[in-house]
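Chemist: For reference, the chains in residue letters:
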Amino acid sequence: MIKILIVDDEKPICDLIDMNLSAAGYSCVAVQDGIAAIDAIEKNTFDLVLLDIMLPGADGYDVMEYIRPYKIPVIFISAKHEVRDRVKGLKLGADDYLIKPFDITELLARVEAVLRRYNKTESRLVIGDVEIDIEARRVTRAGNPVALTSKEFDLLLLFVENRNVALFRENLYEKVWEDEYYANSRTLDLHVQRLRKKLGWEHELVAVYKVGYRLEVK
Amino acid sequence: MKFSLKLLLWTIMVIALTLGLSGFYFVNYVFETALEREIDQALDENSILRFAFETAALNVPVKYDLLSDGSIEQIASNLETGSQSASRLLRLSDEEKTVLYASDGFETDDALLLQTEENQYSYRVIRLGERFYVQTARSVDALGRVLYLETLRDVSQVFEERDMGFRVYRRMTVLMLLLGSVIMYVISSRLAKPIRLLMDATKKMAAGDYSYRAKQVSSDELGQLTQDFNHMAEALENTIDKLEDEIQAREEFVGAFAHELKTPLTSIIGYADMLRSRKLDEEKSFLSANYIYTEGKRLEAMSLRLLDIIVAKKGSADLRKVSAGSLFEYLRSMFGMNENMEFVYSYEPATVLADFGLIQTVLVNLVDNASKASEPGSRIEIQGHRVQDGYRFTVRDFGIGIPEEEVSKITQAFYMVDKSRARSKNGAGLGLALCTEILALHGSKLEIDSTPGEGTLVGFLLREEGKEAGDEEIQS
Numbered sequence: 011m012i013k014i015l016i017v018d019d020e021k022p023i024c025d026l027i028d029m030n031l032s033a034a035g036y037s038c039v040a041v042q043d044g045i046a047a048i049d050a051i052e053k054n055t056f057d058l059v060l061l062d063i064m065l066p067g068a069d070g071y072d073v074m075e076y077i078r079p080y081k082i083p084v085i086f087i088s089a090k091h092e093v094r095d096r097v098k099g100l101k102l103g104a105d106d107y108l109i110k111p112f113d114i115t116e117l118l119a120r121v122e123a124v125l126r127r128y129n130k131t132e133s134r135l136v137i138g139d140v141e142i143d144i145e146a147r148r149v150t151r152a153g154n155p156v157a158l159t160s161k162e163f164d165l166l167l168l169f170v171e172n173r174n175v176a177l178f179r180e181n182l183y184e185k186v187w188e189d190e191y192y193a194n195s196r197t198l199d200l201h202v203q204r205l206r207k208k209l210g211w212e213h214e215l216v217a218v219y220k221v222g223y224r225l226e227v228k
Numbered sequence: 018m019k020f021s022l023k024l025l026l027w028t029i030m031v032i033a034l035t036l037g038l039s040g041f042y043f044v045n046y047v048f049e050t051a052l053e054r055e056i057d058q059a060l061d062e063n064s065i066l067r068f069a070f071e072t073a074a075l076n077v078p079v080k081y082d083l084l085s086d087g088s089i090e091q092i093a094s095n096l097e098t099g100s101q102s103a104s105r106l107l108r109l110s111d112e113e114k115t116v117l118y119a120s121d122g123f124e125t126d127d128a129l130l131l132q133t134e135e136n137q138y139s140y141r142v143i144r145l146g147e148r149f150y151v152q153t154a155r156s157v158d159a160l161g162r163v164l165y166l167e168t169l170r171d172v173s174q175v176f177e178e179r180d181m182g183f184r185v186y187r188r189m190t191v192l193m194l195l196l197g198s199v200i201m202y203v204i205s206s207r208l209a210k211p212i213r214l215l216m217d218a219t220k221k222m223a224a225g226d227y228s229y230r231a232k233q234v235s236s237d238e239l240g241q242l243t244q245d246f247n248h249m250a251e252a253l254e255n256t257i258d259k260l261e262d263e264i265q266a267r268e269e270f271v272g273a274f275a276h277e278l279k280t281p282l283t284s285i286i287g288y289a290d291m292l293r294s295r296k297l298d299e300e301k302s303f304l305s306a307n308y309i310y311t312e313g314k315r316l317e318a319m320s321l322r323l324l325d326i327i328v329a330k331k332g333s334a335d336l337r338k339v340s341a342g343s344l345f346e347y348l349r350s351m352f353g354m355n356e357n358m359e360f361v362y363s364y365e366p367a368t369v370l371a372d373f374g375l376i377q378t379v380l381v382n383l384v385d386n387a388s389k390a391s392e393p394g395s396r397i398e399i400q401g402h403r404v405q406d407g408y409r410f411t412v413r414d415f416g417i418g419i420p421e422e423e424v425s426k427i428t429q430a431f432y433m434v435d436k437s438r439a440r441s442k443n444g445a446g447l448g449l450a451l452c453t454e455i456l457a458l459h460g461s462k463l464e465i466d467s468t469p470g471e472g473t474l475v476g477f478l479l480r481e482e483g484k485e486a487g488d489e490e491i492q493s
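One line per chain: the protein sequences are E and U, in this order. In case it helps, our numbering puts the first sequence at residues 11 to 228. In case it helps, our numbering puts the second sequence at residues 18 to 493.
Excised from the complex, chain E in its bound form:
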């Protein structure tokens, strides 16, 4: 199982990240200051560190310096939104930089992306009889290839990454189409219908009243 260290001086934020990452199938450890973070890294091995910058004890940059020799991927999570802060974080060797406040779906997507870059995730996901090869962007159902358009594939990935989570219409649209959502647009519903049909997920891809859709799997 993939182990993630969460370092943030705010307990509520630690819990928030912990709850969501755990639900997505990661194992999490949360600490609230820089010194504890360094201790945790010394004692355990982690696949990814989510690191706040303003920390008591030792700040995020110091912790980053310490982590570097371990070659553990790091995502900074900070309220510091200025370009120079982001550049500093990335120059220190962080793999990504997420600005507070952030969307849970975005956090999950970035965690996924960084882990994939380090080949730490399965590049093949299996849900029932559907198999997804993320690298090759190929989908098979019961061994038979399923032809998906690029948008359909992105949409499928989003559902799979957020299993059992109700995803909001506007959220889905903005992530996949990277454009502003218009209330009356039927594009998303059309794509979901086609996904259902192609993958035989009439019961798995559930419409959530007034919200959007949810992928329900056991």
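For the record, the hints were derived by calculation from the structure and aren't laboratory data.
Dumping the calculated DMTMM-like pairs for lysine to aspartate or glutamate here, alpha-carbon to alpha-carbon at most 20 Å:
id	chain 1	residue 1	chain 2	residue 2
1	U	Lys-279	E	Glu-116
2	E	Lys-98	U	Glu-268
3	U	Lys-296	E	Glu-226
4	U	Lys-279	E	Asp-69
5	U	Lys-296	E	Glu-214
6	U	Lys-301	E	Asp-28
Computed from a predicted model, the values in this text were never measured in an experiment.
Based on these hints, arrange chain U on the given structure of chain E.
Modeler: Then chain U, alone, in the frame of chain E:
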């Protein structure tokens, strides 16, 4: 044009003009006196010649009553060669102004002769070819005849001397001008040095180097100007430093504010998102809702505090007579229920000038901070004493204290010495910033004296009613 060059050119022009005019006047004066002398001599010579002629005429054997033209020519020719000087130039004419005899080279017109009357003499200066002469004319009485005797005296030398004088003067003028230029160049560049230095300083300052000062090299008006300029630069630098400090403080405030705002927002948005999009069990739902509530409360507390600060910054305190005792009574009732701490009050009765509500806020904040910094059960001393400058309130705790390097920062908005500790007690780091603003309205400020591990003493001074002496500091 450069100032030194201007100065140089003007000086040279003045030198040239004065030298030229005085030279011309002097040479001309010398020339004119010399010429007058020559003219006098020419006239004397003419007189001598007349006498000689008249004497010679008397010795001529007279056949007729009148002197014949031939005799006149004879006498004239004798006179011409008879003198010791090499040759005389003379001319003799008769009553009708017809020339009877003329020496070789006597080639002037008759203008002078024609204007000369009997028993008169006249002269003029004329130029023949390259040479200058004084021509004189005088009537001569000889044996009943009236003749006119004219002479020419060579005065070329006087003219030559004048030309020579001019030449020498010109040469001297050029020389003096060259010398003067060199000297004036040195002087003018020295005079213009303060200006140059000031110019450099202005350029440096315009380019943003406000710490640059012009060197003072003279004690005259320019030196004074340099001094004044440096004073101005000093004032400017101070103002700009102050502005920069203010800008930096504001940037820090905005940065800290954004951070303090985003942290609870992250939780609120995150948990709310979880609640609306996920099926959570009861425990997790409660946890999420509770976080949303507490973080929302935190935001509320922060916004109220900020509002207080903004009001305090903009407003003015309504200073009235307040008895110190009533303030302490208020604190006693406020913290009386708190049995975790041992509060010790001691104060002298006095009447101070204060806005009751605002000073209450300050005292409550200070006592609150003191109890947050202390272990449960420890002592907190709250005192009020009359001092020389007014009335002094102090709050002393025996808690964790503040590290020396943090003391200057703790009155900044959002600054927290121990963040996780402050958070756990629901602090936003705004209390002391608010106190500072309120005390500024009262013309006072916080005085903090702290030793880590031993405790902190925080105090401030208020003006005492009816006591005017020594309150200048407070009134500022």
